[in-house]
Each structure stands twice: as C-alpha cells, then as structure tokens.
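Enquirer: Chain by chain, the residues run as shown.
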Amino acid sequence: MARIDLVDLAHSYGGNDAPQETFALKPVTMTWRQGGAYALLGPSGCGKTTLLNVISGIITPSRGKILFDGQDITPLSTQKRNIAQVFQFPVIYDTMTVGQNLAFPLKNRGVPKAEIDRRVAEIGRLLDLEPYLNRKATRLTADAKQKISLGRGLVRSDVAAVLFDEPLTVIDPELKWQLRSKLKALHRELDLTMIYVTHDQTEALTFADTVVVMHDGRVVQSGTPAELFDKPAHTFVGYFIGSPGMNILPAEVKGREAKVDGHVIALNRSYDNLPAGAKIEIGVRPEFVDAVAPAPGLLSARIERIDDLGRIRFARVRLGEARIAARAPAGFTGSDGNAGLKFDPAHVHVYADSLLVEGAA
Amino acid sequence: MDKTVNQKAWFLVLPVFLVVAFSAVLPLMTVVNYSMQDTFGNNQFFWNGVGWFKELLDPSTDLGGRFLASLGRNLFFSLVILAIEVPLGIVVALSMPRQGWTVAACLVTLALPLLIPWNVVGTIWQIFGRPDIGLLGYTLNAMGIDYNYVSDAVDAWVTVIVMDVWHWTSLVALLCYAGLKSIPEAYYQAAQIDGASRWAVFKAIQLPKMNRVLLIAVLLRFMDSFMIYTEPFVVTGGGPGNSTTFVSIELVKIALGQFDLGKAAALSLVYNLIILIVCWIFYTVMTNAGVERKAQTAKEPAAEPKPAGALQPAPALTPKEGVA
Numbered sequence: 001m002a003r004i005d006l007v008d009l010a011h012s013y014g015g016n017d018a019p020q021e022t023f024a025l026k027p028v029t030m031t032w033r034q035g036g037a038y039a040l041l042g043p044s045g046c047g048k049t050t051l052l053n054v055i056s057g058i059i060t061p062s063r064g065k066i067l068f069d070g071q072d073i074t075p076l077s078t079q080k081r082n083i084a085q086v087f088q089f090p091v092i093y094d095t096m097t098v099g100q101n102l103a104f105p106l107k108n109r110g111v112p113k114a115e116i117d118r119r120v121a122e123i124g125r126l127l128d129l130e131p132y133l134n135r136k137a138t139r140l141t142a143d144a145k146q147k148i149s150l151g152r153g154l155v156r157s158d159v160a161a162v163l164f165d166e167p168l169t170v171i172d173p174e175l176k177w178q179l180r181s182k183l184k185a186l187h188r189e190l191d192l193t194m195i196y197v198t199h200d201q202t203e204a205l206t207f208a209d210t211v212v213v214m215h216d217g218r219v220v221q222s223g224t225p226a227e228l229f230d231k232p233a234h235t236f237v238g239y240f241i242g243s244p245g246m247n248i249l250p251a252e253v254k255g256r257e258a259k260v261d262g263h264v265i266a267l268n269r270s271y272d273n274l275p276a277g278a279k280i281e282i283g284v285r286p287e288f289v290d291a292v293a294p295a296p297g298l299l300s301a302r303i304e305r306i307d308d309l310g311r312i313r314f315a316r317v318r319l320g321e322a323r324i325a326a327r328a329p330a331g332f333t334g335s336d337g338n339a340g341l342k343f344d345p346a347h348v349h350v351y352a353d354s355l356l357v358e359g360a361a
Numbered sequence: 001m002d003k004t005v006n007q008k009a010w011f012l013v014l015p016v017f018l019v020v021a022f023s024a025v026l027p028l029m030t031v032v033n034y035s036m037q038d039t040f041g042n043n044q045f046f047w048n049g050v051g052w053f054k055e056l057l058d059p060s061t062d063l064g065g066r067f068l069a070s071l072g073r074n075l076f077f078s079l080v081i082l083a084i085e086v087p088l089g090i091v092v093a094l095s096m097p098r099q100g101w102t103v104a105a106c107l108v109t110l111a112l113p114l115l116i117p118w119n120v121v122g123t124i125w126q127i128f129g130r131p132d133i134g135l136l137g138y139t140l141n142a143m144g145i146d147y148n149y150v151s152d153a154v155d156a157w158v159t160v161i162v163m164d165v166w167h168w169t170s171l172v173a174l175l176c177y178a179g180l181k182s183i184p185e186a187y188y189q190a191a192q193i194d195g196a197s198r199w200a201v202f203k204a205i206q207l208p209k210m211n212r213v214l215l216i217a218v219l220l221r222f223m224d225s226f227m228i229y230t231e232p233f234v235v236t237g238g239g240p241g242n243s244t245t246f247v248s249i250e251l252v253k254i255a256l257g258q259f260d261l262g263k264a265a266a267l268s269l270v271y272n273l274i275i276l277i278v279c280w281i282f283y284t285v286m287t288n289a290g291v292e293r294k295a296q297t298a299k300e301p302a303a304e305p306k307p308a309g310a311l312q313p314a315p316a317l318t319p320k321e322g323v324a
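Chains as they are written, first to last, in our numbering: chain A, 1 to 361; chain F, 1 to 324.
Treat the hints as calculated values from the structure; they're not laboratory data.
C-beta: ideal position from N, C-alpha, C; glycine also.
A hint or two may mislead.
Stated by the list, open to error - Residues on chain F that point at chain A, a partial pick, calculated with CB under 7 angstroms:
1) ALA105
2) ALA186
3) TYR187
4) GLN189
5) GLN192
6) ILE193
7) ASP194
8) GLY195
9) ALA196
10) ALA204
11) PRO208
Could you build all of it, start to finish, from the sequences and the hints given here?
Expert: Shown next, in the form of structure tokens:
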C-alpha cells in the first residue's frame with residue numbers, strides 16, 4: 001500500500017516531440033492517497049486507459065515521474081512495481097484450476113506455500129469462488145472468469161494499488177450490480193487503493209469516493225460525486241455527469257447578473273473580474289431550473305417535449321438556438337407549448353472558456 | 001410431405017460413380033485380387049487365399065521380417081523427426097519478430113523449403129552430402145569426421161533425418177507462429193502484472209494457446225513422415241543394406257524389383273489400412289477437441305465493444321445514482 005504521486009506526467013504515442021495537443025495524456029500532477037477508492041471517468045479515447053497503463057508500467061511515459069510513497073518508480077518494469085491490474089476482458093490461464101489461477105501472482109513472487117493457500121482461500125471466499133477452486137478455469141462462464149481475474153488482482157496483500165480497466169464490460173447488467181457492490185465491500189475489507197476506469201458515470205459514482213474526470217487527455221476535475229454534481233469545474237464535467245447533463249448557455253455576465261437571450265438571470269455571487277475576450281457561459285443543472293407557466297419576469301421558452309422519468313419529469317425546451325432541460329413540477333403540462341424558466345440563483349455557475357469562475361461573495 | 005420418387009435422378013450421380021469406380025474402386029479391387037494370388041510371370045496366377053497376409057504378420061518369414069523391420073524403421077523415423085521438429089518449430093516461432101518488415105522476410109525464408117519438390121530436396125541433399133564433391137560431406141571429412149552416407153548406416157540415418165528437419169520444420173514453425181499471433185495482448189500484460197517469468201509465460205499462456213495448432217502440426221508431420229518415400233529413395237536408395245528402407249521403399253522393391261505382385265498387393269493393403277486407422281484416430285481426436293472448444297466459446301457471450309465516445313450524458317432511467 002502506498003501513496004501514488006504523478007508529477008508532471010504525460011504520454012504521447014507519437015513520441016515526446018509530437019505537438020502537445022496530440023498527446024494521449026497531457027501533463028498531469030496529482031496524488032492518489034493510500035486506501036482510496038478512485039474512479040477514472042471519461043468518454044472512450046480520453047486517455048483513461050493510457051493513464052492506467054502508465055501507472056502499472058505497461059507503458060513508459062514520455063515525460064514526468066511516478067512516485068510510490070515518494071520513491072521514483074518510473075523506470076521500473078511492471079513486474080518490479082507493486083501493482084495489480086484487472087483488464088477489460090477476462091484473462092485466465094487455461095491449463096490451471098481456479099485456485100492455481102489465483103495463486104499464480106503469489107507463486108511467481110516466491111510467497112511461501114502456506115501463505116499462498118491462506119490468501120487463495122480468503123479471496124475465493126470473498127468472491128464466492130470457493131466451490132470452483134479445484135475446477136479447471138476454462139469451463140466457466142465469462143463472469144466467473146472475470147471474477148478470477150479480479151481475484152488475481154486482489155490476491156496480493158502488499159500491492160500499492162489495484163487498477164481496474166473497465167472490468168465489468170463483459171458482465172451481464174444484473175451481475176454488474178452485484179460485482180460492483182462486492183468490489184466496494186472488498187475495498188472496505190482489504191484496505192487497498194483502488195483505481196477504477198470506466199466510461200459509465202453510474203459505475204464511477206457508485207464505486208468511488210473520489211471521481212477523477214478526464215476529457216481529451218486532461219484531468220478536468222477530481223472530487224467527490226457530490227462536488228462533481230454541485231460544482232463542476234469544467235463545462236465538460238457538468239455535461240458528462242448527470243442525466244440529463246448540465247445546461248450550458250452563452251451569456252453576458254456583469255456583477256450579479258447574467259444576460260441570456262436579452263433576459264436577466266440573477267446570480268448569487270458577483271463576477272466583476274472575468275477575463276476579457278473569454279467565452280462566457282453559465283451552467284445550471286436541470287434540477288435547478290423549473291419550467292412553469294409563462295409569467296412576466298420569467299425567461300420564456302418553447303417546449304419541445306416532456307420526458308417522464310418516473311420519479312421526476314424533465315421539460316425539454318428551446319431558447320433561441322439553445323436547448324435546455326428543466327424540471328417540470330407536478331401539474332405542469334405546458335399544453336400551450338410555452339414555458340417560463342425559473343432559475344435557482346445558488347446553483348447557476350459561470351464559466352469562462354469552459355472553466356469554472358469563482359465569484360466574489 | 002411425400003418425397004418425390006424419380007429414379008432417373010440416379011443418372012445424375014452416374015458420372016461421379018464411374019469416375020470413382022475407375023480411379024479408386026477398380027484399382028483397389030485389382031490389388032485385393034492380386035493379394036490373394038501368386039504369379040510366376042507370364043500372366044499365370046495361382047490361388048493363395050490369405051497366405052500372403054499370414055506371412056506378412058509372421059516375422060519368421062522373409063516377407064514378414066522385411067515388412068515388420070521396415071515398419072519399425074518408419075515408426076522410429078516419425079518419432080525422431082517429431083521429437084526434433086516440434087520443439088524446434090516452437091523455438092523458431094517464438095523467436096520470430098512480431099512486427100515490421102522482418103516478419104515478411106522471415107515468413108518467405110521459412111516458406112522456401114516447403115516449396116521445393118520432394119525429389120529435388122532429395123537430390124540437393126544427395127549432392128550436398130557426397131564426400132567427394134558435396135559441400136557438407138567434403139567439409140565434414142576435411143574436419144576429420146568420417147562421414148559417408150553411402151557406406152555408414154548411422155550417417156545415412158542422420159542425413160535422412162536432417163534433410164526432413166530442414167524440409168519440414170518450417171511448417172511447424174509457421175503453424176505455431178499463427179497460433180502465437182492469435183494470443184491477445186492482454187494475456188501478456190496480465191502475465192506481466194502477475195510477475196510471470198519468461199518461462200512461466202510460455203508454460204501458462206503460449207503453450208496452452210498453441211495446443212490446437214500443435215495438434216495439427218503433429219498430425220501432418222506424422223502422416224507425411226509415415227508415408228515418406230521420395231527423399232530417402234533419392235539419397236540413400238534405402239541403403240546401406242536395408243538400414244533406411246522404409247515401408248514404401250520395401251513395397252516398391254517387392255512390386256517392381258522382384259515382381260512379386262501378390263506379396264506387394266498384400267503389403268500395400270495392410271500399409272493402407274494402417275494409415276487409414278491412424279488417420280481416423282487423429283481425426284476423431286481433433287474433432288473432439290474442436291467440439292469441446294466450440295461448446296466452451298458458445299458459453300461466453302460475444303465481447304461487447306465499448307460504446308463510442310460521446311459527450312452526451314448516458315441515458316438512464318434512474319438519474320443520479322449515488323449523487324445528492
């Protein structure tokens with residue numbers, strides 16, 4: 001177990017001389033604390049897997065350093081790093097039994113037999129693999145195989161971190177829930193640092209205490225699920241997290257007022273020092289916009305449709321060119337096709353060039 | 001539903017029937033006919049029943065002795081070349097490059113011996129090994145090694161075996177290479193993570209993943225070497241003495257050398273039967289292995305591709321799990 005520091009770490013598949021915009025992983029400096037449950041969240045191709053493979057040593061980074069407990073391990077090979085990784089598709093060793101599969105990482109490191117047996121039995125119990133331990137691993141179903149892969153990742157008690165690269169892709173949705181809560185329980189029980197890569201926000205938000213959102217090779221925000229929801233640091237985070245995502249509207253902001261489509265929206269904070277020439281937008285989650293009957297003083301919009309999600313209804317409205325999702329309170333039908341929008345000032349954020357601007361109180 | 005009865009349809013099968021009859025059934029029956037008789041030439045035949053077959057399986061007779069001895073040589077030869085070519089082929093496949101232009105260069109080089117006709121291979125080695133003008137034979141003798149495949153049985157065996165290894169190891173190597181290439185990268189990465197040594201990677205991943213192609217390689221090489229004729233015939237002519245006389249060479253000697261049609265016919269039938277049985281055993285083993293694999297893959301759902309990258313939030317019926 002260790003704290004992992006990434007210092008100015010970057011990777012380019014095209015070599016270090018390639019222009020920085022083409023880097024698969026743009027320079028990042030961050031710390032993963034010991035025993036944390038992290039999720040690396042982002043769309044496919046945003047550099048999550050690259051970052052993971054750099055940490056595990058499968059890829060040597062083009063620049064920067066990785067420290068485990070302050071020790072530079074960048075030049076070390078995967079075998080010498082104390083790290084476990086579980087891949088997207090199950091990897092099992094065909095000729096071995098389930099138990100031998102679980103024991104393989106320990107055997108390779110010369111762990112005494114008694115200790116191996118103890119660990120294999122423990123992991124077998126935790127993953128409900130006990131009845132299969134003496135069976136050949138080839139004959140099992142895909143999810144049992146993936147459990148074996150997970151088990152091989154968890155079997156070493158001394159690892160700095162366990163990395164999961166979208167490990168539940170091949171699993172049926174129903175089993176996904178079970179396995180994910182199992183992983184969460186294992187995290188509490190084993191006190192390991194876990195980094196979980198996924199493009200599924202539900203998976204990320206349920207698994208992790210800290211979610212790291214990546215976009216286009218950059219880490220755009222790292223925080224608790226509540227932070228990501230309440231205060232997205234980047235318009236991408238606002239848009240990517242939550243369904244429907246945050247409404248982002250181009251606006252003119254001055255002091256405590258934002259002007260959208262000629263209409264003034266009140267802000268809770270004062271924004272006087274916005275960078276000149278930047279693209280100014282306001283962002284507000286659909287949960288904090290109410291679609292009500294049109295009234296003077298409210299921003300009026302045209303209703304396109306109303307989505308009923310069971311617990312909650314969202315009105316999809318149109319404001320000039322922009323599309324907005326807004327909460328539709330019970331009883332609101334919008335039958336005439338028009339709605340007035342009521343913003344909750346406490347939850348309207350201002351973004352300059354996609355980055356969150358903290359206003360003055 | 002009633003089947004349409006149309007006996008005229010048999011005429012459509014007739015051409016195939018005739019071709020097979022003239023190309024396979026009639027010659028085979030001629031051989032069966034010969035195997036039951038003895039001839040002293042002049043087209044005079046005498047009924048001998050199963051006499052030749054009895055002799056064939058009795059080592060105390062001349063025919064039986066020759067047959068069983070050559071059969072033993074054949075089995076020994078197959079065993080030796082398998083024991084050399086299979087491990088060597090694996091080693092070659094493992095050391096081949098995985099990418100770049102060298103892959104094509106390696107593949108072409110390896111394929112070259114496979115493209116050379118059998119009797120040309122024989123002629124190449126026959127000249128190559130000659131102590132007077134052959135590069136190999138002359139060099140060995142100049143180095144003080146007494147090498148002469150015409151007079152020394154061990155030298156003859158070594159020559160025939162080395163020739164076969166030279167000719168056919170490529171086949172095993174190419175098959176193994178195909179098997180190796182089909183192993184997904186994730187296996188190697190997982191093995192790295194698991195701290196596996198080079199040997200452990202070979203034993204736990206590469207060898208098990210290659211076992212299907214290895215089975216095919218062993219099969220092909222066994223059948224081929226069991227029926228070997230041309231190369232040893234061209235190089236040693238079965239000699240010195242009878243030391244490299246394999247069943248096929250013995251057969252030709254009896255049939256065309258001594259013109260003992262009855263003995264030769266009986267021998268060729270038994271030889272044919274052995275090959276058929278071995279074929280059938282291998283075929284059964286292979287199909288069973290295939291069925292097993294199919295049943296296994298059927299259980300695994302096809303791997304879903306990751307959804308394409310999108311900026312849209314994932315549509316979910318229950319919004320905000322874990323948030324709020």
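Enquirer: It remains to establish, for every hint, whether it holds in the given structure.
Expert: Taking the hints in turn, this is what the structure says about them:
no., hint, verdict
1, ALA105, "26 angstroms, violated"
2, ALA186, "5 angstroms, holds"
3, TYR187, "5 angstroms, holds"
4, GLN189, "5 angstroms, holds"
5, GLN192, "4 angstroms, holds"
6, ILE193, "5 angstroms, holds"
7, ASP194, "4 angstroms, holds"
8, GLY195, "4 angstroms, holds"
9, ALA196, "5 angstroms, holds"
10, ALA204, "4 angstroms, holds"
11, PRO208, "4 angstroms, holds"
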